[in-house]
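2 protein chains.
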Amino acid sequence: MARLVKFSSVFLIFIFLLGGCRKEVSVKKNTNATLETVIKVPLPSWNDTSTKKEIIAYVDVITDKNQPDFIPVKDRIATFDNDGNLWSEQPAYFQLFFAIDRVRAMAVDHPEWKNEQPFKAVLENDMEALAKQGEHGLLQLVMATHAGNTTEEFEAYVKEWVKTAKHPTKNVGYDKLVYQPMLELLQYLRANDFKTYVVSGGGVDFMRAFVTDIYGIPKEQIIGSRIKTKFEYNDGNPKIIRLPELDFIDDKEGKPLNIQKIIGKKPVFASGNSDGDLQMMQWAASNEHKSFMLYLHHTDSIREWAYDKDSHIGRLDKGLDQAKKRWVDSN
Amino acid sequence: MARLVKFSSVFLIFIFLLGGCRKEVSVKKNTNATLETVIKVPLPSWNDTSTKKEIIAYVDVITDKNQPDFIPVKDRIATFDNDGNLWSEQPAYFQLFFAIDRVRAMAVDHPEWKNEQPFKAVLENDMEALAKQGEHGLLQLVMATHAGNTTEEFEAYVKEWVKTAKHPTKNVGYDKLVYQPMLELLQYLRANDFKTYVVSGGGVDFMRAFVTDIYGIPKEQIIGSRIKTKFEYNDGNPKIIRLPELDFIDDKEGKPLNIQKIIGKKPVFASGNSDGDLQMMQWAASNEHKSFMLYLHHTDSIREWAYDKDSHIGRLDKGLDQAKKRWVDSN
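Chains as they are written, first to last, in the numbering used here: chain A, 66 to 396; chain B, 66 to 396.
Next comes chain A alone, as it looks inside the complex:
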């Protein structure tokens, strides 16, 4: 039972993905050269650090049938946090920016919002007043913009938003704010027959609406927080209606619980960047198979953002201490 927790010192490369499909890059060993697979060096954007070496060494050993640490394909479950791990999360979660943009788009049908918090703060672009509304205010924003529609309508709103919205400080589309080294890691693991999952505190239907192509992860492998829903037969044209009530928060203890509910297997590879991922890492670390836990540490204030223990978004405190301690213990 391996208990490595890797403290990633890789410099994050903040990239602008070109649209379109990416080809899966096979980096399997023993690939038959006559097959149409391209053998490339794994993780090309990663600096040549010990973290990169440890990841490759891990994948080599668990895919080698002659090694005692070999893991059968069916158990190669890899779970990735999303916010701050696959896409960025500063200065606030993308989903909050979506909610803010939705409030503005919906305001014409809600004249009362001009005088009602937290909507007033959003419409007046007064982020200080919005912050004062606290968690309850944010929840109100989310429910007003995420519920009261069908699953199909909500998906269409998100898809339309992604097409046009721009990040407030980086001024590019949100679909461009994903981490190239992490995309390469997803591809590398899949090329070695891992099943890659997103396991995020973000809303599951929000993520499903636009990251499936970018990450190469199908909807059914995206796990997240949810609001309640109800089914309506609707005279033979059935709908699922999204209700303004929380159903499940996929964060902290919620991550291993949801992994068990939905996947029913412990991950062997878990990746995250905040204390909200610690329980998922602990769960993976208790796998009877050799496991790998990767903490991404944001240290590049020039090209990206640098934050950890004191950040109000993506706080990495206990997780950072654990990662450093285990890194020292295992090396």
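If you're looking for bench data, these hints aren't it; they were derived computationally from the structure.
Any given hint might turn out to be false.
In this list, chains with the same sequence are indistinguishable; a pair is considered to hold if it fits within one copy or across any two.
Said to hold, decoys possible - No more than 30 Å apart at the CA atoms, straight line, and that leaves these computed lysine-lysine pairs for DSS-like:
(1) K130 / K260
(2) K304 / K389
(3) K389 / K295
(4) K139 / K224
(5) K241 / K228
(6) K139 / K228
(7) K295 / K139
(8) K117 / K374
(9) K260 / K355
(10) K241 / K118
(11) K118 / K139
(12) K295 / K390
(13) K235 / K117
(14) K260 / K224
(15) K389 / K231
(16) K383 / K295
(17) K231 / K185
(18) K139 / K304
(19) K231 / K330
(20) K304 / K105
(21) K105 / K139
(22) K139 / K241
(23) K117 / K317
(24) K117 / K260
(25) K304 / K235
Let chain A serve as the given structure and place chain B on it in line with the hints.
Frame of chain A, contents of chain B only:
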């Protein structure tokens, strides 16, 4: 948008599966003969009925790139009810027999059960008294036997039970009471790049513990009812504890709701045998892709069981009317 609901008139063949792994049979068209695939006639155990022909015609048309009804592989989601559809469900659900056997096994640690219903009825093998305890009594049995343990312990209990327990009237192991024609249908769909799911009112962890090999369906594609759970760090040896409280009932409206929560895609193929599957069928029927809804009707009282509208288990009433009506409308 196809709205076929097929009323299956196939005679059910009640079979005794030999143990061990089954090989996936490829029945793909255009299979390269140099590859190690075996081309066989699909659905060999099925009688040569219109139902069989319609299934094959459907698969042919939706896998043909030159047809307007072609469905991309990522959207080939097939959902199967379990009780009475993949395995049998008479004279009571297998999971109830498991609960009864667990009560007997646990009774040594619970001397108070001798005088407490519903346990007293179970220990005295008084099925009439047990029936009188109603739904509340059954729920008590389930919670006493399914909760208060870890996910790993529960899985071990089920696996051990499957090894030794015998069905009370058929006197064979429960793992033998699965339907050969339905196993062939699962294989046939997978050979045509469908992703096959179980979507059942039964307990998800109960099913996962023993049907994955028999059905060829991995744990993460088994969806069912759940009890609540909690995560315990347990000094670095984390556990998920099963709590005596219902979390989700995966039946009726719960089926499309859970399909949306967990898969995030509408099925194109839905298969069931009771009114509890009707909403899942309605959801599949509203797919923008051509869809196929298969109702299994138990009509073989000699080799299996015959039941529909009046059965207290797996009641097929509205579903049967709908299936017959749609069968007439579409032919």
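| Against which earlier hints does the structure fall short, listed by number upward? | 15, 20 and 25
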